[in-house]
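Q: Listed below are the residues making up each chain.
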Amino acid sequence: MRIRLRLFAIAKERAGRPTIELEVPDHGTISDLKRALSEAVPGLDPVIDRIRFAIGTDYADDDTPIPPNADVAAIPPVSGG
Amino acid sequence: MRIRLRLFAIAKERAGRPTIELEVPDHGTISDLKRALSEAVPGLDPVIDRIRFAIGTDYADDDTPIPPNADVAAIPPVSGG
Amino acid sequence: MVELTESPIDYAAVVERVRSPLAGAVCAFLGTVREMTGERRTSSLEYEAYPEMAAGKLAELEAEARSRWPIIEAAIVHRLGKHDLGEISVVVAVSTPHRAAAFESCRWIMDTLKEIVPIWKKEVWADGTEEWVHPGT
Amino acid sequence: MVELTESPIDYAAVVERVRSPLAGAVCAFLGTVREMTGERRTSSLEYEAYPEMAAGKLAELEAEARSRWPIIEAAIVHRLGKHDLGEISVVVAVSTPHRAAAFESCRWIMDTLKEIVPIWKKEVWADGTEEWVHPGT
Chain A
1 MRIRLRLFAI AKERAGRPTI ELEVPDHGTI SDLKRALSEA VPGLDPVIDR IRFAIGTDYA
61 DDDTPIPPNA DVAAIPPVSG G
Chain B
1001 MRIRLRLFAI AKERAGRPTI ELEVPDHGTI SDLKRALSEA VPGLDPVIDR IRFAIGTDYA
1061 DDDTPIPPNA DVAAIPPVSG G
Chain C
2001 MVELTESPID YAAVVERVRS PLAGAVCAFL GTVREMTGER RTSSLEYEAY PEMAAGKLAE
2061 LEAEARSRWP IIEAAIVHRL GKHDLGEISV VVAVSTPHRA AAFESCRWIM DTLKEIVPIW
2121 KKEVWADGTE EWVHPGT
Chain D
3001 MVELTESPID YAAVVERVRS PLAGAVCAFL GTVREMTGER RTSSLEYEAY PEMAAGKLAE
3061 LEAEARSRWP IIEAAIVHRL GKHDLGEISV VVAVSTPHRA AAFESCRWIM DTLKEIVPIW
3121 KKEVWADGTE EWVHPGT
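Chains as they are written, first to last, in this note's numbering: chain A, 1 to 81; chain B, 1001 to 1081; chain C, 2001 to 2137; chain D, 3001 to 3137.
Treat the hints as calculated values from the structure; they're not laboratory data. Cβ coordinates follow ideal geometry from the N, Cα and C atoms, glycine included.
Residues from chain C that face chain A, not an exhaustive set, calculated with beta carbons under 8 Å:
| no. | residue |
| --- | --- |
| 1 | TYR2047 |
| 2 | GLY2056 |
| 3 | HIS2078 |
| 4 | LYS2114 |
| 5 | TRP2120 |
Can you build the whole structure from these sequences, using the hints too?
A: This is the structure we're talking about:
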């Protein structure tokens, strides 16, 4: 299935755009999405392991299945405050 | 020697005045002053043991000698803030 | 009350929102743009958020703090966009009956905000370079 | 900066005194007049000080806090006299490079102020009775 992933901060900068379309297996998980992002944006390599992912507005674990049409975002380590 | 003691809060209220003149032995200590205050203002009895004393603007221990003409104050437990 | 804003934060207005005759204590924290980081000089900061999620996480922080401490009122406001030196990026204000809970809850909110709320800071250094700040990387 | 005043405290002015581009954090504490203490209702508070000694002890607190934490600016203002419900009796504001020191030093100043500074509070209860507050007695 096709996932439209929102990107922020370093992820947006390295990808050169605020969203990216990625292909993951049907019933794929966050791990699959992370692999697809890493391949699509090689420049993320050093930081990719510390990027978390959100489905809707909640953090999701690596083994969480991604529902079809889910709103998914890549969350690099945060630095607000 | 004669000591003019400044009183605050409950001590001032119980004594009915902001200062009190007390007689202590020459070379007397804060302990002597406390005893003299207790005798002069019996109404302080429950709180007298928790009153601290200041010579100038610093707290003084019980065994501190009181210099002649010192500025001495009775400091009941504080409750600022 | 939680808020994300592009405008300068009126911290006194935030504090006024939490003051109450039920409270004996108010603790307020202001995050401000510091000029020096070690030997490096900052020119400005740029804050970006995932706004829907950041607002949700801030509301979770307020709710969790209210469940842990006897909070009368709490307010968390984070500014986004460009910040000049000395400007305020975040204000947290909490009122409680007694002071220990005010200090502890305000600090917990700030500490946890910096762990989980999807907001990012970009340093614009005085030498003209720019750098996203991603702790631990 | 330390101050004893009979006038209402403008806490925003106190916070402005400590803000600085050298600081990344400001912690401010406000003590406010709480209406309820358990089941008892307060009508107003009256604060009295031994002014010369209280000013000296506040200055000592500021100096001691500066020796313990990397404080950029610190301000302690205590109001004396009559306070109505919700009014501010004390403001402590501290700015530091990072937030941990701001929270810790602000709290230490408040905790120590309540231990050693010769200021006393009289409760004027809603039932018309009055009572000096002397912790531990």
